[in-house]
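Dock chain Z against chain S, hints included.
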Amino acid sequence: DSGVTQTPKHLITATGQRVTLRCSPRSGDLSVYWYQQSLDQGLQFLIQYYNGEERAKGNILERFSAQQFPDLHSELNLSSLELGDSALYFCASSPRDTEFYEQYFGPGTRLTVT
Amino acid sequence: AQSVTQPDIHITVSEGASLELRCNYSYGATPYLFWYVQSPGQGLQLLLKYFSGDTLVQGIKGFEAEFKRSQSSFNLRKPSVHWSDAAEYFCAVGAPNAGKSTFGDGTTLTVKP
Chain S
1 DSGVTQTPKH LITATGQRVT LRCSPRSGDL SVYWYQQSLD QGLQFLIQYY
51 NGEERAKGNI LERFSAQQFP DLHSELNLSS LELGDSALYF CASSPRDTEF
101 YEQYFGPGTR LTVT
Chain Z
1 AQSVTQPDIH ITVSEGASLE LRCNYSYGAT PYLFWYVQSP GQGLQLLLKY
51 FSGDTLVQGI KGFEAEFKRS QSSFNLRKPS VHWSDAAEYF CAVGAPNAGK
101 STFGDGTTLT VKP
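Chains as they are written, first to last, in the numbering used here: chain S, 1 to 114; chain Z, 1 to 113.
One chain only, chain S, in its complex shape (with noise of 0.2 Å):
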């Protein structure tokens, strides 16, 4: 148990639609990442918030966006959902942000769009 939580773990879904998935970093960590994993992409880095401010963008859509709260748990907005849009959606935490430490991955959530 890495001590990072997200929920849910599974999500079933319509094209068209949004959702959000939530994530609670290990005690102590102020830095939030989130992935997308999906068989033909492989593991791909969304975005990282640092205590609040996002500090690092990757591949997100303009369709998804993520915030995180003072309590540092994160949520991960996805809307107009896409078929192409199912896939493990992680959250990682570590304590820092600039300089680089290893992160602690949640249990994903697996999105399903029908």
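Just so you know, the hints here were simulated from the structure itself, not pulled from any lab data. A hint or two may mislead.
Said to hold, decoys possible - Taking lysine-lysine and the DSS-like style, the derived pairs with C-alpha atoms no more than 30 Å apart in a straight line are:
| hint | chain 1 | residue 1 | chain 2 | residue 2 |
| --- | --- | --- | --- | --- |
| 1 | Z | Lys49 | Z | Lys112 |
| 2 | S | Lys57 | Z | Lys49 |
| 3 | Z | Lys68 | Z | Lys49 |
| 4 | Z | Lys49 | S | Lys9 |
| 5 | S | Lys57 | S | Lys9 |
| 6 | Z | Lys49 | Z | Lys61 |
| 7 | S | Lys9 | Z | Lys61 |
Fair warning: this is a prediction, and the values are worked out from it, not measured in the lab.
Leaving out everything else, chain Z in the frame of chain S:
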């Protein structure tokens, strides 16, 4: 920009045999290097990391990896594989002060009885 290549998509070894998973990276300076393991239906778990110093690093579950700057490699090894090691293994490179890491495409390990 940094990049990571794991040349082997799939490797099969017999239980008790030795294992080496290859990882090559591209980065202009000394990177931070990591190996993670992902069991089916699970998140990624850190096996070991290299930041600086001794180029042979020990990790959990009996794994080790060696950083070779001249070859831009960070190969993962285990002297004797157990059936429970069957999983997908990811190499990752993190650039200091970059705030994110780049993962390889992963190598799936199958262990034969």
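Hints and how they fare:
1. Z/Lys49 x Z/Lys112: holds (28 Å)
2. S/Lys57 x Z/Lys49: The given pair, whose Cα atoms are some 23 Å apart, holds under the 30 Å limit.
3. Z/Lys68 x Z/Lys49: Holds: Z/Lys68 and Z/Lys49 sit about 14 Å apart, inside 30 Å.
4. Z/Lys49 x S/Lys9: holds (28 Å)
5. S/Lys57 x S/Lys9: holds (24 Å)
6. Z/Lys49 x Z/Lys61: holds (14 Å)
7. S/Lys9 x Z/Lys61: holds (27 Å)
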